[in-house]
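According to my numbering, numbering within the sequence shown proceeds without interruption in unit steps and concludes at 513.
One thing to keep in mind: the hints can contain errors.
With a Cα cut of at most 25 Å, we get these calculated SDA-like pairs of lysine to any residue [as the list claims (entries may be wrong)]: (1) K118 - I441; (2) K321 - P170; (3) K200 - D215; (4) K484 - P513; (5) K62 - K397; (6) K118 - S391; (7) K484 - K200; (8) K22 - I120; (9) K62 - G30; (10) K475 - E492; (11) K118 - Y96; (12) K62 - I35; (13) K397 - K475; (14) K200 - L327; (15) K392 - E367; (16) K137 - K200; (17) K401 - S391; (18) K118 - S434.
Quick list of the computed label-pair ranges, beta carbon to beta carbon [unchecked claim]: (19) D287 - T389: 25 to 33 Å; (20) N395 - L125: 19 to 27 Å; (21) D287 - L125: 26 to 34 Å; (22) D316 - P513: 19 to 27 Å; (23) K475 - L363: 23 to 31 Å; (24) N501 - G143: 48 to 56 Å.
If you are wondering where the hints come from, they were derived from the structure by calculation, not from laboratory data. Note that the Cβ used here is the ideal one computed from N, Cα and C, for glycine as well.
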Amino acid sequence: MKEVQEMEIKTSGAIFDGMTEKIIECEFLLPDYCQDISRVIKAEAVPRIKNQIIGEDTLSIEGLIEFRVFYISEGTDILNCINYANEYSLTFDIKGISDNSYILLKPITKNTLCRVVNSRKLSPKTQLYMGAKVFEYTPIEIMEPQNNEIQTRCCDYPLFNVVSHTVKPVLISDNIEISGLSASSVLKNNIRIACDENKLLNDKIVVRGTAYITTLYVDINGEISQNEGEIPFTQIIDIENTNEHTVCDIKYSVCDCMCILKENEKGENGLLSVDIEARALVRAYTNSQCSVVTDAYSTKKAYDFSRKKLYIESLVCNVHEEFIERLSFENVDVLKTVDIYPTASISQISLENNEIIAEGIIDVTLLYYNSDMQLLTSSKQFNFKRPIKIKEGYRKLRFEPDIEIISADCQALDKEAEIRISMSLTGMIFSGNDIEAITGMQDSDNTDNSQKAYAVTLYFAKKGENLWNIAKRYCSTVDEIASLNELDNEVLSYDKMLIIP
13 MKEVQEMEIK TSGAIFDGMT EKIIECEFLL PDYCQDISRV IKAEAVPRIK NQIIGEDTLS
73 IEGLIEFRVF YISEGTDILN CINYANEYSL TFDIKGISDN SYILLKPITK NTLCRVVNSR
133 KLSPKTQLYM GAKVFEYTPI EIMEPQNNEI QTRCCDYPLF NVVSHTVKPV LISDNIEISG
193 LSASSVLKNN IRIACDENKL LNDKIVVRGT AYITTLYVDI NGEISQNEGE IPFTQIIDIE
253 NTNEHTVCDI KYSVCDCMCI LKENEKGENG LLSVDIEARA LVRAYTNSQC SVVTDAYSTK
313 KAYDFSRKKL YIESLVCNVH EEFIERLSFE NVDVLKTVDI YPTASISQIS LENNEIIAEG
373 IIDVTLLYYN SDMQLLTSSK QFNFKRPIKI KEGYRKLRFE PDIEIISADC QALDKEAEIR
433 ISMSLTGMIF SGNDIEAITG MQDSDNTDNS QKAYAVTLYF AKKGENLWNI AKRYCSTVDE
493 IASLNELDNE VLSYDKMLII P
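Build out the structure end to end from the sequences listed, making use of the hints.
Structure representation (structure tokens):
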């Protein structure tokens, strides 16, 4: 068996794309320091993922739902919020999943309610939807173009070649200064983590990012205020097979968060002590041209060449768009906005006229005081559509979208409220190719090609014939035939008698 030069590529393949749902409900008592409940204003449910466990053809997810219940205490008109974390677990049946699988998870909650059991006990309930996409990047050895008597015909393909991927924990902690009046209580915190830049080294990635914390709190005068804070962080991630020539894609998600009021130098509750547990989903890759051997033969000896049909992908572009959606609540009497709670999800991806269209749903709950100083809520669902322009010529397009809320504000008009939501749409767009590659060779039982009957062969070629096929048939080379017959093109443009050396 003749040794040939080989190289490794990784083929792409989605082995699972699905969603499961689960109703999460619980009961809990108010802490002793809380006053009795008069009425519940609204409830929110924030899903977190803590861990993923891969078993034999199964994927198990462990996480928690952070319930936030806003309520008014008996004998007061002050807004309070109690937070309660309820653990959950669910399992997907996924044939072929392994420790090398790349897993994208997207949890969302809908239809969140809270029942008052009694003045000290609450029972929140929500519907959890967990979306999962699982990809296998299978390593395949294919033949490299040869520099010996093996003649190889190659096609160049752009190749998205994943060299490594991993999930790593990250801890982000710091004190954030409250810019307004000092706080008497914290109602809730919304957290978003962004990767600002990264640098790849040998088997390491240095990441610089920022955690954005938006805090809704009650100040010392009993007014509801909002505070914006940032925590910059640096993380060093160990990941195999990376170097300065590779690129990486990093997605952060919050696993858990603890935010506690803390006294400043004046002895006031002017600081917020923040501890965030997060997970970083990292994928390192190269995106370059790959020369794939699609046909081969030997001028000296007969060999059998093994072929394999493969599916490969190339990276078309990395989307990172920020945009604003303007939404309207009609027939609402808004004197003062207390809180806006928007959530967004992608519902459909389509292709129209060289544009990828991302369509989705925004659910918005508005908490506000009306002109009679009553604390009310109003909820509404909106559709959105975001086009992404791409160049012509790509086939089998695939988009891995991620939608995120950056901020939201409200302008109160006459019997109307206009909501302005700043959103971020990120993700990679891929193009796919079905190819057939030479993966190996072995000695053939056929007659040895080196036994030639004639020194020179005359061949009457027809217009449109390819020199590669002629050279392969007569164990010659394309270069030798082209040189001897003074040909410039591999495909003949007219009938011609050829001398085959």
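Hint by hint, here is what the structure shows:
no.: 1; hint: K118 - I441; result: holds (18 Å)
no.: 2; hint: K321 - P170; result: holds (17 Å)
no.: 3; hint: K200 - D215; result: violated (39 Å)
no.: 4; hint: K484 - P513; result: holds (12 Å)
no.: 5; hint: K62 - K397; result: violated (31 Å)
no.: 6; hint: K118 - S391; result: holds (23 Å)
no.: 7; hint: K484 - K200; result: violated (72 Å)
no.: 8; hint: K22 - I120; result: violated (32 Å)
no.: 9; hint: K62 - G30; result: holds (20 Å)
no.: 10; hint: K475 - E492; result: holds (19 Å)
no.: 11; hint: K118 - Y96; result: holds (21 Å)
no.: 12; hint: K62 - I35; result: holds (18 Å)
no.: 13; hint: K397 - K475; result: violated (52 Å)
no.: 14; hint: K200 - L327; result: violated (39 Å)
no.: 15; hint: K392 - E367; result: violated (29 Å)
no.: 16; hint: K137 - K200; result: holds (18 Å)
no.: 17; hint: K401 - S391; result: violated (33 Å)
no.: 18; hint: K118 - S434; result: holds (20 Å)
no.: 19; hint: D287 - T389: 25 to 33 Å; result: holds (30 Å)
no.: 20; hint: N395 - L125: 19 to 27 Å; result: holds (23 Å)
no.: 21; hint: D287 - L125: 26 to 34 Å; result: holds (30 Å)
no.: 22; hint: D316 - P513: 19 to 27 Å; result: holds (25 Å)
no.: 23; hint: K475 - L363: 23 to 31 Å; result: violated (39 Å)
no.: 24; hint: N501 - G143: 48 to 56 Å; result: holds (51 Å)
The structure does not agree with the numbered hints 3, 5, 7, 8, 13, 14, 15, 17, 23 stated previously, though it agrees with the rest.
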